[in-house]
Amino acid sequence: MNPITRRRLIYGGVAAAGVTGLAVADRLAKRYGLLPPDGAGIYGPGETLTYACQRLLTVSKPAREFPRSMISKNPFGNEAYPPGDEFKRLQAGGFKDWRLVVDGTVARPLSLSLADLKTMPVQSQITEVACEEGWSYIAEWIGTPLSNVLREAGVLPQSRYVVYRSIDKVIWDSIDMTDAWDPHSLLTMGMNDGDLPAPFGGPLRLRMPRQLGYKSVKYVNHITLTDDIKKFGKGLGSVSPEYGYSWYAGI
Amino acid sequence: MSTASPVLEKTKIRRHTGIVRVTHWLTFVAFIALLVTGFEIVISHPRFYWGEVGNVNTKPLFVIPIPASRDTVPTGYKYVMPDQNGWSRYLHFEAAWLAVLVALVYGVYGAVSGHFLKNLVPERRDWNWHAFKQRIAKYLRRERPDRTEERSYNVLQRTAYAIVIFILFPLIIWTGLAMSPSFTAAFPWTAALLGGRQSARTIHFLVSWLLLFFLVVHVAMVAVSGFRRRMRGMITGYVRDAEEGE
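Quick mapping for you: the protein sequence lines, in order, are chains A and B. For what it's worth, the working numbering labels the leading residue of the first sequence as 1, then goes sequentially. For what it's worth, the working numbering labels the leading residue of the second sequence as 1, then goes sequentially.
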């Protein structure tokens with residue numbers, strides 16, 4: 001065979017395989033939800049690879065748990081965004097008027113008090129909070145899995161993301177339905193056998209133990225299910241990418 | 001007319017294969033991006049710990065005496081550096097993917113083609129201190145490399161490259177992944193074997209210094225031994241005999 005033709009054949013074959021591979025990858029990614037909402041732009045390829053690979057690896061794996069003896073004596077609350085006046089008013093009333101509103105694509109919109117949430121099945125986990133800055137601590141987190149609230153609200157089949165917001169509304173984030181139904185995604189009300197202290201996000205924090213600290217939004221009082229994440233903020237899935245931080249915080 | 005010199009002047013010596021050259025420069029790009037963004041990430045918390053956990057309320061193993069980019073870190077400085085963690089983290093992981101994918105291509109190539117055994121593993125006869133001492137002495141005397149070094153590496157080069165390729169690069173990838181709360185959910189032993197998340201972070205930091213040290217020495221040696229000749233070798237794949245000593 002003429003060497004030029006052979007070379008052309010090899011290049012053609014590699015190019016065709018590459019195009020086919022990309023097309024297959026794209027279809028798989030869409031079917032299994034492997035594309036992050038902030039997957040466009042110059043950092044998109046890296047972000048998508050990380051999210052897709054970690055999603056496939058960890059979908060049925062819980063975060064590392066630790067023995068009680070490893071619970072940190074002096075955990076660090078990192079009050080980077082202390083809550084404002086409305087929070088202080090509710091705090092003065094012992095959070096009796098705190099409500100978790102659940103709306104969006106659900107059959108039964110809810111407004112739950114902390115007492116309501118405490119009647120739901122309790123779960124606890126001893127997991128590590130790791131901040132993107134590099135520091136970390138271990139605590140026991142007690143609460144009820146988000147899935148219990150979702151079940152009570154009746155998630156409509158078109159739902160694709162759960163958006164959760166802090167009382168100050170500036171901080172908001174979202175997870176896809178796989179993470180939302182995960183039994184370890186915990187609506188946390190207690191820490192180390194006491195109520196969850198305010199510096200750590202009390203009275204209510206959504207713990208996402210397989211992701212970095214900033215994904216576990218503090219002072220959660222509003223959950224919205226949606227079929228279209230683009231409708232929220234700048235459409236990047238959370239407030240983090242609007243400040244330059246990735247939506248997915250598994251690394 | 002001398003018989004040898006005109007022939008020698010035209011002699012081109014094949015030095016690096018295409019895959020070695022392409023993976024070398026892609027790794028260079030990825031490494032620079034990782035170095036810069038890694039520095040930006042470190043300054044958000046320039047304290048290091050050993051074990052599973054560590055934060056401003058725990059005793060550090062060591063502290064880098066620089067201002068931090070977060071005001072929650074007690075550094076002793078009144079100045080808080082600009083926070084660049086967002087894009088730095090995005091780029092750090094994208095560059096890490098480039099480095100890992102390139103390493104996979106290079107690793108498969110190196111093993112299958114015999115490049116590792118031929119060029120990187122020190123030759124059998126050099127597995128002794130005498131060979132090391134001899135080559136170091138040669139460097140110190142600033143002797144010109146002999147003909148066998150035209151086509152491959154000497155024992156010191158092989159040892160340095162082998163340590164970087166087979167120990168430091170795998171270690172920095174491992175320690176990087178061991179800091180991921182998601183990756184360690186799937187593979188808990190990757191963090192446990194290192195002594196915990198903070199140990200992984202500390203090793204990651206120290207290995208990055210070793211890699212930076214390698215980069216500096218590597219570039220210095222290239223400059224000393226003929227910058228243009230070595231660059232041409234790594235870009236075109238060939239070096240010319242006439243350039244020896246340039």
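Treat the hints with caution; some may be incorrect.
[Said to hold, decoys possible] If you want a taste of the chain B side facing chain A, the calculated C-beta under 10 Å gives, among others:
1) PRO46
2) LEU61
3) THR75
4) TYR79
5) ARG89
6) HIS92
7) ALA95
8) LEU156
9) GLN157
10) ALA160
11) SER180
12) LEU193
13) ARG197
In short, the hints are calculated from the structure, not lab data. Yeah, the Cβ is synthetic: ideal placement off N, Cα and C, and Gly gets one too.
Hints versus structure:
Given hint, PRO46/B at the interface with chain A, holds; its Cβ is 9 Å from that chain's nearest Cβ, closer than 10 Å. A cut of 10 Å between beta carbons decides the hint on LEU61/B: the least distance to chain A is about 13 Å, and the hint is violated. Restraint check, THR75/B versus chain A: the minimum CB separation of about 13 Å is more than 10 Å; hint violated. Here the hint on TYR79/B is broken, as its CB sits about 17 Å from the closest CB of chain A, past 10 Å.
At its closest, the beta carbon of ARG89/B sits 6 Å from a beta carbon of chain A; the interface hint therefore holds under the 10 Å criterion. Taken as an interface hint, HIS92/B checks out: its beta carbon lies about 9 Å from the nearest beta carbon of chain A, inside 10 Å. Among the interface hints, the one on ALA95/B holds; its C-beta lies about 8 Å from the nearest C-beta in chain A, closer than the 10 Å criterion. A cut of 10 Å between beta carbons decides the hint on LEU156/B: the least distance to chain A is about 35 Å, and the hint is violated.
Proximity of GLN157/B to chain A is violated relative to the hint, the smallest CB-CB distance being about 32 Å (cut-off 10 Å). Of the supplied interface hints, the one on ALA160/B is violated, with its beta-carbon coming no nearer than about 29 Å to a beta-carbon of chain A, more than 10 Å. Given the 10 Å rule on beta carbons, the hint for SER180/B holds: about 4 Å separates it from the nearest Cβ of chain A. For the restraint placing LEU193/B at the interface with chain A, the shortest Cβ-Cβ distance is roughly 13 Å, beyond the 10 Å limit, so the hint is violated.
About 6 Å separates the beta-carbon of ARG197/B from the nearest beta-carbon of chain A, less than 10 Å, and the hint is met.
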